[in-house]
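Could you put together the complete structure from these sequences and hints?
Number of protein chains: 2
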Amino acid sequence: MNVLIVLAHPETRSFNAALMKTAVARLESAGHAVAVSDLYAEGFDPVERASHYVDIDDGVFKLLDAQRDHAKRQTLPEEVARELDRLEWADLVIFQFPLWWHAQPAILKGWFDRVMVYGGRYSSRMRYDNGYFKGKRALLSVTAGSPRQAFQPFGRAGDMAAWLWPIHASLYYVGFEVLAPQVSYGVQGGGIEYQKQEALEAHLADCKRHWVERLGHLESEDPIPFAGWQDWDEAGVLRETAPLRWRLG
Amino acid sequence: MNVLIVLAHPETRSFNAALMKTAVARLESAGHAVAVSDLYAEGFDPVERASHYVDIDDGVFKLLDAQRDHAKRQTLPEEVARELDRLEWADLVIFQFPLWWHAQPAILKGWFDRVMVYGGRYSSRMRYDNGYFKGKRALLSVTAGSPRQAFQPFGRAGDMAAWLWPIHASLYYVGFEVLAPQVSYGVQGGGIEYQKQEALEAHLADCKRHWVERLGHLESEDPIPFAGWQDWDEAGVLRETAPLRWRLG
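Protein sequences, first through last, are from chains E and H.
So the first sequence is numbered by my numbering: it starts at 84 and just counts up by one.
So the second sequence is numbered by my numbering: it starts at 84 and just counts up by one.
I should point out that these hints are in silico values taken from the structure, not numbers from a laboratory.
One thing to keep in mind: the hints can contain errors.
No copy labels: a pair is met if it fits in one copy or bridges any two.
[Said to hold, decoys possible] Listed below are the simulated DMTMM-like cross-link pairs for lysine to aspartate or glutamate, each with C-alpha atoms no more than 20 Å apart in a straight line:
1) Lys145 / Glu281
2) Lys291 / Glu125
3) Lys145 / Asp121
4) Lys104 / Asp314
5) Lys145 / Glu94
6) Lys145 / Glu284
7) Lys219 / Asp174
8) Lys155 / Asp168
9) Lys279 / Asp148
10) Lys279 / Asp152
None of the values given here were measured: they were computed from a predicted structure.
Encoded structure:
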């Protein structure tokens, strides 16, 4: 496989960077080719705006028009085109990031805003199980500060599946098969008093071990099931005949 | 009331900007004071990183430590301090933004990453119903491209409540009472063929009318109910004795 890892963390010596390096080593040793989009190191600008586009009308900035027209003319912003080339190459995309404010860091949110271009990578018909990236797989590898039990459905930190659902849905929207997330809980590398350096390193070793083990059999995993075009009526609402599992959520 | 509107849209002639202006006019005519944080116009940088901080150690960038220490010494980055001053002043905060990739635009996601500083605005005990901003209210005013029915729980575009849940949870985390969102559906200002300018303007007039009507009685609205400290046990999991509604959520 060709594997792209999209890393979103500002510190090269972070827990997240360590998990990225672990994945690179493990995947390469198994014969896969690996590329890394290090969004912080590459200075990725996550803010979508008119100034990224050449030859834009003086009129109202219409975001979707700008994306569609520049995708068509192959004049997309350089860093967007670079990310799209990497996605074209990849069979599997791993997103490595810390959960900040119940979501991905802004630099990675903007990667979706800018790279998943309208017209080029999705349209009203080219979505979901008819999405552009059909046949490719994606996986979120996430670190979170609170312990696992706090992220249970009835936990104080909120259901982890709910926090990742918008990102999972975005990936499925453009056609990816989405594998179950790899979540490393209880990562408090921010220097909080009650997790000392030694404990943090032991915890990292533990998380690495789980990650390495899983990376060995990603290819045989079943993706998260999503409803698809055959399940929706013309108004975009689930049909009565759709499998019961979509109603049980 | 003092009302802060945080606007996240790149185009000053957008549907979102129009809804912001409508709110300013309506609120001021009712005698409230209104301030606007126009994140695009002010060039807000949503990417949290070491270079925003002065006098930082040469060592590993520990995000939470940096936020806590600079909040304590009152040396937070200028644009963060400015946003915090505005929040201090406000009784109600309205976030006006388009739903991009099942979430807020990156520039607004990064507003949370950078402005909600650890130590200064939250800590392990200063959270939820013991949050810093207790007594203040917040409301999301969101535009979305697909029609209302597609955003139902069984709709193709996904349950709108699920997309807004991470943001609502973040606001509650720092103590805000969160009012029900104001969602303007079917907003396709991107120049998509099947919604012409005339139809768009009629739709805007309609959305403005609903918004103006609601702005007149925000003060008497009940906030969205959330579980609180008394509902969780020491491990951070919902107690058996917690109100049944938290389990039916």
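Outcome of the hint check:
Taking the shortest Cα distances, Lys145 and Glu281 sit within 20 Å of each other only across copies (16 Å), while inside one copy they are farther apart (52 Å). In the homo-oligomer, the alpha carbons of Lys291 and Glu125 never lie at most 20 Å apart, since the shortest distance is 25 Å inside one protomer and 41 Å across protomers. Taking CA atoms no more than 20 Å apart as the test, Lys145 paired with Asp121 passes between copies only; the shortest distance there is 18 Å, against 29 Å inside one copy. Taking the closest pair of Cα atoms, Lys104 and Asp314 never come within 20 Å of each other, the shortest separation being 40 Å inside a single copy and 40 Å across copies.
Only between protomers do Lys145 and Glu94 lie at most 20 Å apart by alpha-carbon distance; the minimum there is 8 Å, versus 35 Å within a single protomer. For the homomeric pair Lys145 and Glu284, the shortest alpha-carbon distance between copies (15 Å) is at most 20 Å, but the shortest distance inside one copy (48 Å) is not. Taking CA atoms no more than 20 Å apart as the test, Lys219 paired with Asp174 passes inside one copy only; the shortest distance there is 5 Å, against 47 Å between copies. When the C-alpha separation of Lys155 and Asp168 is checked against a cutoff of 20 Å, the pair qualifies only within one copy, where the shortest distance is 15 Å, while the shortest distance between copies is 45 Å.
Taking CA atoms no more than 20 Å apart as the test, Lys279 paired with Asp148 passes between copies only; the shortest distance there is 14 Å, against 51 Å inside one copy. When the C-alpha separation of Lys279 and Asp152 is checked against a cutoff of 20 Å, the pair qualifies only between copies, where the shortest distance is 18 Å, while the shortest distance within a copy is 52 Å.
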